[in-house]
Amino acid sequence: MSQQQPPDAAADRREQRLLVHALLTLTRLLLAQGQNRAADTTCSHAVAVAHRLADGALIASARRLQLEVHQAINHPEVFPMPHYIIERQVGQVSPEQLQAAGTLSNQILASMPEVTWVKSYVSDAEGKIYCEYIAPNPDAVLEHARRAGLPADKISEVSRQIDPSMFS
Amino acid sequence: MSDPVSQTPGEVTRLLQRASEGEAGALQQVLSLLHDRLRGIAHRQLVGEGVGHTLETDGLVHEAYLRLAGLERMQWRDRQHVLAMAARTMRRVLIDYAEQRRAHKRGGGEIAVPLDELEGAAAVVDRHADELHALDEALEKLAGFSPRLSQVVECRFFVGLSIEETAEALDLSVSTVKRDWTTARAWLNRELRG
Chain A
1 MSQQQPPDAA ADRREQRLLV HALLTLTRLL LAQGQNRAAD TTCSHAVAVA HRLADGALIA
61 SARRLQLEVH QAINHPEVFP MPHYIIERQV GQVSPEQLQA AGTLSNQILA SMPEVTWVKS
121 YVSDAEGKIY CEYIAPNPDA VLEHARRAGL PADKISEVSR QIDPSMFS
Chain B
1 MSDPVSQTPG EVTRLLQRAS EGEAGALQQV LSLLHDRLRG IAHRQLVGEG VGHTLETDGL
61 VHEAYLRLAG LERMQWRDRQ HVLAMAARTM RRVLIDYAEQ RRAHKRGGGE IAVPLDELEG
121 AAAVVDRHAD ELHALDEALE KLAGFSPRLS QVVECRFFVG LSIEETAEAL DLSVSTVKRD
181 WTTARAWLNR ELRG
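First to last, the sequence lines map onto chains A and B.
Residues in the first sequence are numbered consecutively from 1, following our numbering.
Residues in the second sequence are numbered consecutively from 1, following our numbering.
Derived by calculation from the structure, the hints in this document are not laboratory data.
A few of these clues could be false.
The calculated lysine-lysine pairs, modelled on DSBU-like cross-linking and capped at a C-alpha distance of 30 Å, are [what the hints assert, rightly or not]:
no.	chain 1	residue 1	chain 2	residue 2
1	A	Lys-128	B	Lys-141
2	A	Lys-154	A	Lys-128
3	A	Lys-154	A	Lys-119
4	A	Lys-128	B	Lys-178
5	B	Lys-178	A	Lys-154
6	B	Lys-141	B	Lys-178
None of these values were measured; they are calculated from a predicted model.
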């Protein structure tokens, strides 16, 4: 049991503990969003305040999370859940038809939390839409398409994502 | 490591019944037993890492005691119900704290140049207070169609439990929690991207 502290000192410690907990929660949120560098900065603040409090439990928790952040920085996940590119042969679609299809798709997605529509590219010349989805498996993608009344002519699983910033 | 809850399977049920009937102190005893359980989980998790046996949630659980003890005549169902409520209360404590920081920011109290490490750390929370608020709102929405997914996120984000600890606390299999966590994370990222 800790020693009795003056009320102001106890309130300060409570405030600082909450600050550490808020920083740790924020770190986990940033980590889950793949913002590993921001998570690292946030977690460093949590470690510093925990040390200032000389609270062994908080220091251990903050350091444990910091280790997780460093692992995420050194070994970024390829994808936590499979990404899929879906080719939809739709022919020529008007902006109104696109609007209606997108609205219906979102309504279906609201009842399928395991499926995420990331973005789509429309090719008027080909009469196709290329959609990126995150889903646990191709069946979930097909089920969404079935419910939304959309074609899914080809489903390709993405193995790795690259962008120009990864190359010098 | 002994588990106080499993040693007294009927005791929690009896205490919950008494708490539901409004008996002062009964809920406090349940929370104390469950806190020991969380500490037991953390101890097993941390002992291999060579660190102490205390838990990050100690301070937060104390906050949760204070708030949950104020809930009179709550119909407590079982241990999971109390654990879920404790995790939810910890979430409320932290979100309320972030809301205070948001209000402080809106009131023009933003610190331009942090003077020390405490102010620097608080400034980080200030900068992200809107995101914590958005997370809270998204979790409300998620709980609307999948309370279990929301509980898993609460245990992971707000209590700081690992996948294995969450599985033990919520009495779910590790593979279920892994799947739930991946799904909830993908859904939250979509929601929070706006």
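Quick rundown of the hints versus the structure:
no. : hint                     : verdict
1   : A:Lys-128 with B:Lys-141 : violated (33 Å)
2   : A:Lys-154 with A:Lys-128 : holds (11 Å)
3   : A:Lys-154 with A:Lys-119 : holds (16 Å)
4   : A:Lys-128 with B:Lys-178 : violated (35 Å)
5   : B:Lys-178 with A:Lys-154 : holds (28 Å)
6   : B:Lys-141 with B:Lys-178 : holds (21 Å)
In this structure, the earlier hints numbered 1, 4 are contradicted, and the remaining ones agree with it.
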